[in-house]
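Asks: Take the sequence shown: its position 161, counting from 1, is numbered 161 in full-length UniProt numbering, and each next residue is one higher.
One or more hints might be untrue.
[Said to hold, decoys possible] DEER-style ranges, computed between Cβ atoms:
(1) 144 to 120: 15 to 21 Å
(2) 83 to 120: 29 to 35 Å
(3) 149 to 77: 23 to 29 Å
(4) 102 to 144: 53 to 59 Å
(5) 150 to 90: 16 to 22 Å
(6) 159 to 97: 54 to 60 Å
(7) 98 to 77: 56 to 62 Å
(8) 85 to 21: 20 to 26 Å
(9) 22 to 148: 23 to 29 Å
(10) 101 to 81: 21 to 27 Å
(11) 156 to 106: 30 to 36 Å
(12) 76 to 143: 55 to 61 Å
(13) 83 to 142: 29 to 35 Å
(14) 143 to 28: 24 to 30 Å
Hints in this document: simulated from the structure, not taken from any laboratory. Positions of the beta carbon are idealized from the N, C-alpha and C atoms, including for glycine.
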Amino acid sequence: MAAQVLDSKAALRQRGTRASLPPEYAEGDYIELGGLSTPRTSTESLPAYDEAVSSQPSSAAATAGLRPTHTYQVESSGHPLLALPLAPRPSPIGVFAVQPDGSLGPLAYQSLRHARCSGDSVLVRADDPLALAPLCSTTYRFGPGRPPRIQLQGELARRGGGV
Numbered sequence: 001m002a003a004q005v006l007d008s009k010a011a012l013r014q015r016g017t018r019a020s021l022p023p024e025y026a027e028g029d030y031i032e033l034g035g036l037s038t039p040r041t042s043t044e045s046l047p048a049y050d051e052a053v054s055s056q057p058s059s060a061a062a063t064a065g066l067r068p069t070h071t072y073q074v075e076s077s078g079h080p081l082l083a084l085p086l087a088p089r090p091s092p093i094g095v096f097a098v099q100p101d102g103s104l105g106p107l108a109y110q111s112l113r114h115a116r117c118s119g120d121s122v123l124v125r126a127d128d129p130l131a132l133a134p135l136c137s138t139t140y141r142f143g144p145g146r147p148p149r150i151q152l153q154g155e156l157a158r159r160g161g162g163v
């Protein structure tokens, strides 16, 4: 009995060895792949720097005549490199007006979170720190494919205007 088991295992090994070898091909017309094309690098196909950068403004910018009316700077402390897996304190995030000369102007808006465990926030004017009249609210929803929802509040929602 033991001899039969050993013989069947040896037969399986031999069949497995033959199957792992590459198949044999018959003589025929085959194409030599090395002579079809010369290899190119990505740097050869890139345009020259002078071609990529144009000193002329794009047609969309020229026709639209886009000029910023207000410029703001967001001041946030960010996240520390090493931190406990706890939600950060709900500290207000300041949005400052930027003067035409580039200097930082007065505080214009604040983004406030009401709870430490929630990312939901409201945007209020700087003179309304108690959030009595929020301009808009942002609701963050958990899960992939669920973007945050921004909703205008108060007078802006009635007018349908922007902040």
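Asks: Please flag the earlier hints that this structure goes against, numbers listed from lowest up.
Replies: Violated hints (numbers, rising): 2, 4, 6, 7, 8, 9, 10, 11, 12, 13, 14; every other hint is consistent with the structure.
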